[in-house]
Amino acid sequence: MTAVKVSTKINGDAVDFVCEPDETLLDVLRNRLGLTGAKEGCSTGDCGACSVTIDGRLTCSCLVLGAEAEGHDIGTIEGMAKGEKLHPLQKKFLEHAALQCGICTPGFLVAAKALLDHNPRPTETEVRFALAGNLCRCTGYDKIVRAVMDTAAEMRRA
Amino acid sequence: MPLDNTESQTRKFKVVGTRPIRPDGIDKVTGRARFGADAVAPGMLIGRILRSPHAHAKIKSIDASKALKLEGVKAVVTRDDFPDKTDGDAALYDVLYNVMAREKALYEGHAVAAVAATSASVARQALKLIKVDYEVLPHVTDVDEAMKPSAPVLHAKIFTDGVEPKPKKASNVVRRYEFGHGDVDAGFKKADVIVEQSFKTEATHQGYIEPHACLANVGTDGQGELWVCTQGHFMVRDTCARLLGMDMSKLRVTASEIGGGFGGKTTVFIEPVALALSRKANRPVKVVMSRDEVFKATGPTSSSSIDVKIGCTRDGRIVAGDATLRYQGGAFAGSPVEFGAMTAFAQYDLDNVRAIGYDVVCNRPKQAAYRAPGAPMANFAIESVIEELAHKVGMEPIDFRIKNAAREGTKSSYGPVYGPIGLLATLQKAREHPHFRAPLGKNQGRGMACGFWFNFGGQSCVTLNIGVDGTVGVVTGSPDIGGSRASMCLMTAEELGIPYEKVRSVVTDTGSLGYNDVTDGSRTTFATGMACILAARDAIKKLCARAAQIWGIPEDAVTWDAGFAKPAGGNAGNFPPMSLKEIAAQAASTGGPIAGHHEYSADGAGVSFATHICDSEVDPETGFTKILRYTVLQDAGKAVHPSYVEGQFQGGAVQGIGWALNEEYIYGKDGRLQNAGFLDYRIPVCSDLPMIDTVILEIPNPGHPYGVRGVGETSIVPPLAAVANSVSAAVGVRMCETPISPPKLLAALDRKSGMKKAAE
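Note that the protein sequences, when read in sequence, are chains A and B. Residue numbers are given in the working numbering: position 151 of the first sequence equals residue 151, and the series is strictly consecutive. Residue numbers are given in the working numbering: position 179 of the second sequence equals residue 179, and the series is strictly consecutive.
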């Protein structure tokens, strides 16, 4: 197989990489670029642990080839805090104890941010359906939903 | 160990019971936390495992010569690389056999060979070049079928233990257990009402989101490093060293952050394979399982088949309880049927009780512990029958349970007499809870159940280092699976009398601390937490001695009070209190570093009870069940960090809801798993659920200085029955099998309407 050269933006920075044509974006992020915040929980798009955004749209990076990222803007968990300043979702997840083991947390944060970017006033039902593609086995989702609702309320006040 | 048993009743806590941010929080919300698959090493190879496509087959030969010739392949291991060094330890031999198949492959997914190569794609190609010659054998995957005399026998060496006379013919029944007391037959003679029913539960997987992963690095000098996601890295070290003939202390194991375990990461699967590959290739080797491998080759829990008979008097007093439980534990001995039989009736005060358990093997993956292993299935059966009995005698199920509930002084169904326990408190609180009186609509029902778990203590070793700036590092060897670092910091800070923010908790590697048992049995906050408290007391003794030295007074003339050394009384001298920070600052000139330490095997884990209330709505057209409202009331002894206690209640309840409604291992006629992925093995998602309300009760455990009880496991025990009882209340059919999936529920509704029509 001939390796492919790809030019992207990742978390706002220009990033070029070379990958095999059958390599997923998740593999590229984790194994070639050292961005291990996105996790592989299933590699079939069922668990959402590998959630990233592509041009602002929520995507399972295990279902996209690295080569397909050419020319696109990728957003990962590593780009969520701005310097020392955590995103309000990151703060609220900590305050609400919305994580136990933490393996699903990057995916949930990326998915929740994608929701709030489009819908600043979600109902509980909207939050639950927006996050239905992300599996968490520890929390039963209660504290995650509360953290997202509380973040939305706080961001509206700001 | 002497403990002041009254202290936990009267103590006013300053730090314990608050809800600070966890110390590892920032790492986990920024993607910085390093889990099993996140590690790399220079020159690292990728290892992959070849697995049996057959449920049961003799392995006649394995030819890896073509794979070895493929460019980039650095090592291949097979059964020949795992000689038996288990020295007659049957359980360890089973682990060895499970790690790499020997004369037979015993289930679909059983490892038969492994390769290490320069890339994942080369490793994948190499697996295809390994030729395994199988002779396929008849298989069995159902527990009741596996017990029949005609069933294919997995192991020629299993002759049922615990029956007289011992059978002369090998079978799949490993052992018979019996627990109980009194005279069950005499008890049933006093019964006015008897309910007898049979139940089945399907196997479910722990479903942690992080697949097993490790990075092994073994040198030619016999020294090795292993990075691994596990609930117990000391267990991994000892097990791997024994299987591979390494010196334990030369293998240093570091626990990564762990992405869930729930009992499933309390044994080894890929770790000895990665070490063997690394040793053979003389290079670091990383092995990460796929989700398919996790489902097919790691521990689900047992499936079960259970018969229950309970009798009571007209006024609702149980006079006898009898249960027979059959659990298959996959291809090797050790299903948790013993715990099932012990816990089945543990929530009741019974004069006559018996529970018989059969441990059975069949052609499925070796079961692994799953949160209160063995208890949820037994509880499902018992608490369903309790509900039926209550209805038959015309009592509210909650009143029936209160009337028969175990309390302090009750001789438990598994032997010991209970000390102070919280079952009645959870039932009384449940009755007062607004959930209990909330109105219900059409096709909606309310169910409840009570559950029990033993909890465990075990070995812990803790070192507590005091910095010269007055900050404290508490070093444990218990992997933090759900926020336990925060609890360790809280208890250390409480005991020393310093702020939470001044303490950092570190989970260290096996080379840096004495042995610590696996994070299981809800033991960490109890046992490792108590070791933190006792290490703090050890440090306080030394801090007092340093203060005595500075003041020039005898050591026993100094006491510790809320973070300060003080002269014990007027006669001791008149010195202003000296803070931990002030004493620590002078450490270098008063005798050097100040550290506390404690190592022990903790007894006194307090049992924990819970009551769950569930409202559900059934769609009679589709058979779909929606959980509308759910409340968990559980005794925590003392909630160290209440948010994470609530989290344990909620997480366990939701795993139980998944078990009750959706989750199951589905086998084809060929003995192969049909749903080895998260699409078809459906764990609950966010949109399936309501908020999970929690009520924390605190009935102090006399075995812990702060009254702490383990909380992690009890919460998965009652949900199967609570959900089943709510469905039964909603549509009037008793569901005796889990999962209560739409096809099963529709069939039950059809049977009910068929019976109705026939009656008309």
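Worth flagging that the hints you see were computed from the coordinates, not collected in a lab. Where is the CB? At the ideal position from N, CA and C, for every residue including glycine. Hints may be right or wrong, so weigh each one.
[To be verified] Once the Cα atoms are required to be at most 30 Å apart in a straight line, the calculated DSS-like pairs of lysine-lysine come out as:
#1 LYS82(A) - LYS502(B)
#2 LYS91(A) - LYS190(B)
#3 LYS502(B) - LYS85(A)
[Said to hold, decoys possible] Distance windows between CB atoms, simulated:
#4 GLU501(B) - GLU154(A): 19 to 25 Å
#5 ASP117(A) - ILE26(B): 21 to 27 Å
#6 THR123(A) - GLU103(B): 44 to 50 Å
#7 LEU440(B) - THR125(A): 18 to 24 Å
#8 THR123(A) - SER249(B): 43 to 49 Å
[Said to hold, decoys possible] Computed, partial: chain B to chain A, Cβ under 10 Å:
#9 THR118
#10 ASP469
#11 THR471
#12 ALA486
May I ask which of the numbered hints given earlier this structure violates, with the numbers listed in increasing order?
-> 2, 6, 8, 9, 10, 11
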